[in-house]
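Protein chains in written order, with the numbering used here: chain A, 1 to 251; chain B, 1001 to 1159; chain C, 2001 to 2402.
It is possible that some hints are incorrect.
EDC-like, lysine to aspartate or glutamate: derived pairs with alpha carbons at most 16 Å apart [unchecked claim]:
| no. | chain 1 | residue 1 | chain 2 | residue 2 |
| --- | --- | --- | --- | --- |
| 1 | C | Lys2349 | C | Glu2269 |
| 2 | C | Lys2349 | A | Glu205 |
| 3 | B | Lys1080 | B | Asp1069 |
| 4 | A | Lys226 | A | Asp58 |
| 5 | B | Lys1080 | B | Asp1059 |
| 6 | A | Lys100 | C | Asp2199 |
| 7 | C | Lys2264 | C | Asp2199 |
| 8 | C | Lys2264 | C | Glu2274 |
| 9 | A | Lys226 | A | Asp216 |
| 10 | C | Lys2390 | C | Glu2122 |
| 11 | C | Lys2349 | A | Glu117 |
| 12 | C | Lys2349 | A | Glu235 |
| 13 | A | Lys170 | A | Asp99 |
| 14 | C | Lys2349 | A | Glu105 |
| 15 | A | Lys61 | A | Glu205 |
| 16 | A | Lys61 | A | Glu207 |
| 17 | A | Lys100 | C | Glu2017 |
| 18 | B | Lys1080 | B | Glu1105 |
If you are wondering where the hints come from, they were derived from the structure by calculation, not from laboratory data.
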Amino acid sequence: MGGARKSLAEQSRRHFLAKAGAAAAVGLAAGVRFMDFPKARAATGAVTDNQRWGMLIDANKCADGCTACVQACNDEHGIQSHGNASTDAQWIRKVRLRDKAGGRESTLPLMCQHCEEPPCVDVCPTGASFRRADGIVLVDKHSCIGCRYCMLACPYKARSFVHENLSDQKPWSPRGKGTVESCNLCVHRLDENRGRIPACAERCEREGHRAIVFGDLNDPASPVAKAMREQQSEELRADFGLNTGIRYQNI
Amino acid sequence: MIKAPAIIGLLSGLVVNVAIGMTPWATALAGDNSTLLPVIPPALEGEQCVEPTEVMRRDHMRFLLHQRDETVHSGIRGAKHSLVGCIACHAQSDAAGAAIPVNAEGQFCESCHGFAGVSMDCFECHASVPARQQALGTLPRWMSSPAVAVAHTSARGAD
Amino acid sequence: MATAHNSVGSIRFSVIEGRGAAFRALLVGLVLVVAAGLWAAHRMQAEGHMVTGMNNQIVWGIPHVFAVFLIVAASGALNGASLSSVMGRTLYAPYARLSALLAIALLLGGLAIITLDLGRPERLMVALTHFNFTSVFAWNVLLYSGFVLLAGWYLWTLMERRMNPLTKSVGTTLFAWRLALTTGTGLIFGVLVARQAYDAAIMAPLFIAMSLSFGSAAYTLLLFAVFDWSGRPLDEDLVQSLRRLLIVFVIAVLFFVSVFHAGKLYAAEYQGFEHFLLLDGGALTWLFWAGQIVAGSLLPLWLMLWRPTARSRPWLAAACVLVLLGALAQLYVIIIGGQSYPLEIFPGKQVIESSFFDGAVLHYQPRLPEFLLAFGGVAMALLIVALSMKVLQFLPRPGSAD
């Protein structure tokens, strides 16, 4: 067995490790005590699921070569290019398509689809990516650790990661390095309850194209609900079963 | 057995440590208090803060942590403890009327946070100057207090 | 001056002498690489990820390839311990401690890379206290932390004589835990329905097979290095056992890779991606065939099975190195290949123009900070192993093994 005789070096080594372990445990416990974590949410005045915000986008009305919606979004949220297209944030983008069978071309804006079953929400380890009660899918940047897993999970590549230090942020649209972001349907405008609509829809209307119709999908009288009742519309990648809030026509 | 050299060593170490640690208070001991505590510039707007000073000093972080959840998850903006509200009152202006970021050296947030050595990363994302009334049309109602009616341009250049 | 030792049964363990200039040089070298990795992490944190080659299209890059490699290998490195404590193979008993040490070290290296690559590494505490349990990633955070603690406990049961009776039960729990951990790691990719390269539950057993293969190769190399460089003899029965196991594990990986791709080739839906990877992907196609299949699987198998090289230790070491290089190629193909192929957002349509690179195959150009961070993690793992062997008794004393 050979255990009866322990050498002095062995004993002192065990002693040291035991003391070090205890010291580390005490230090850790003390440190944990000084941390404070965000409290639970309150309920008064909060958004509810009475409303579900959505959009209907008509690709026929979307003008080829026009990027007014993209400009509007960039202006509203203070999104600027930093000289590298592959790392620049894009909350909304214009896409030109050609039908493989028929050759017909179309153009449309593409942004976060605000799914009812968002894959990005499922995969976020901290729960920073979440779906608000009124249907908007958002990133809570206070909790976002910047792991970019949600960017891998999104079927529409809707999310962007902030790759550089930012300054001059808009007070109503905080954005910062190291977090992930995407279209939030201009949630700051919606929260005012003054009838303002997302910047892209507003600018498209002002330009006269009216390709983007925004509204409350749960309100039968809203323009978007009416349009979807009367006209054919589709979800992108409906086979995923995500029940998106953004619908398209005439792709 | 604890030997005399060990005791002398411990005591002298203790004395040296205390002496070094007391140096911030050296000027105070000499009767000059000006560098002892942070100098917080007074707010430009309003007569008093939304909470008493002692409450704010102790709990402002808790108010902010709670408010941010309310805003992000529940959509409540412009509430009593909104960060935008703090900045609207507490941001200073320079001689030309341009706003100085609240986390710049000597300004409202930094004066205490620098003194206490507590880092904050709020302004990596949040604007550190009050909202501008500019070309984007009207400000959201929750930002349109008299405090933000002062015209500002950002004085921040590069980081 | 007496070397400290303790013992288990009739095996006596000791620390590595570690007094030679070579050992010191090794430590210094590893510390320098770790420092370079830390510098790279600092740059990424200070200036943002724009200093790397990762962008909004390729969001996970070289750091993740190496981190997943280290984590998968960590799980497999426990083989020695599992064979000894769970399956009762006394041949491995003297080497179980090293197995657990390697596992912990590799996992910590992988975790270090992942954490330092985060956009907000200072928010690690948020990640450790806020869990979204629908996220495989969140489960993995728990599985990885638990693994380190459990493996540490297992080591304690091995090293503390009074804890020895617990070795089997802790070892068995650890064995189950590592299977869960590897399943979780594979499912990180397997649950991503949006990407044609993933979206497959078979990635879980594939990763288990990969862990057995990579971990075995790493463990074998470690044993060779430690015993050879410290002048200790290594049991020939053990070496042959390791060789036979590695053959089985490499074949297992080949099996799962084949089934994975055959399954995808069968469905029209995935043929675009498979065509890209297997034929059309340029560097990726080379990495798959030459790197993963030939160099990483077929060549090592040949070296381990062909009579002239099968019984040779240097050739076995070469086979292990090839397996590990093939591992990196495989993970590069999985992680970067999976992101390079465009998302199918508009089935039946071709994207002819987009400012966000839709519809186009994406090219990844890694830059220095990513490599430094990745190598730093590997060096950290090796440093942990080297220093631990100097401080605690991991090595069986010469001639004391059964």
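Against the structure, the hints:
Only pairs whose Cα atoms come within 16 Å are accepted, and Lys2349/C paired with Glu2269/C is accepted, the gap being roughly 14 Å. Proximity of Lys2349/C to Glu205/A is assessed by CA-CA distance (about 27 Å); at most 16 Å being required, the pair is judged violated. Distance restraint check for Lys1080/B and Asp1069/B: the Cα-Cα separation of roughly 14 Å lies within the 16 Å cut-off, and the hinted pair is therefore satisfied. Note on Lys226/A and Asp58/A: the hinted pairing holds, with a Cα-Cα distance of about 14 Å set against a maximum of 16 Å.
A C-alpha spacing of about 14 Å is found between Lys1080/B and Asp1059/B, which places the hinted pair at or below 16 Å, so the restraint holds. Our distance criterion of 16 Å between C-alpha atoms is broken by Lys100/A and Asp2199/C, whose separation comes to about 25 Å. Restraint check: the Cα-Cα separation between Lys2264/C and Asp2199/C comes to about 10 Å, which is no more than 16 Å; the hinted pair holds. A distance of roughly 7 Å separates the Cα atoms of Lys2264/C and Glu2274/C; the hinted pair therefore holds under the 16 Å criterion.
Distance hint between Lys226/A and Asp216/A is fulfilled; the C-alpha atoms sit about 10 Å from each other, no more than 16 Å. At roughly 32 Å between alpha-carbon atoms, Lys2390/C and Glu2122/C are farther apart than 16 Å, so this suggested pair is violated. A distance of roughly 25 Å separates the Cα atoms of Lys2349/C and Glu117/A; the hinted pair therefore is violated under the 16 Å criterion. Using a Cα cut-off of 16 Å, the hinted pair Lys2349/C and Glu235/A holds, with the two alpha carbons roughly 15 Å apart.
As the CA atoms of Lys170/A and Asp99/A are separated by approximately 39 Å, the hinted pair breaks the 16 Å bound. For the proposed pair Lys2349/C and Glu105/A, the alpha carbon gap of about 9 Å is at most 16 Å, so the pair holds. Proposed proximity of Lys61/A and Glu205/A is supported: the alpha carbons are some 11 Å apart, at most 16 Å. Straight-line distance between C-alpha atoms of Lys61/A and Glu207/A comes to about 11 Å, which keeps the hinted pair within the 16 Å bound.
Proposed proximity of Lys100/A and Glu2017/C is contradicted: the alpha carbons are some 69 Å apart, above 16 Å. For the proposed pair Lys1080/B and Glu1105/B, the alpha carbon gap of about 26 Å is over 16 Å, so the pair is violated.
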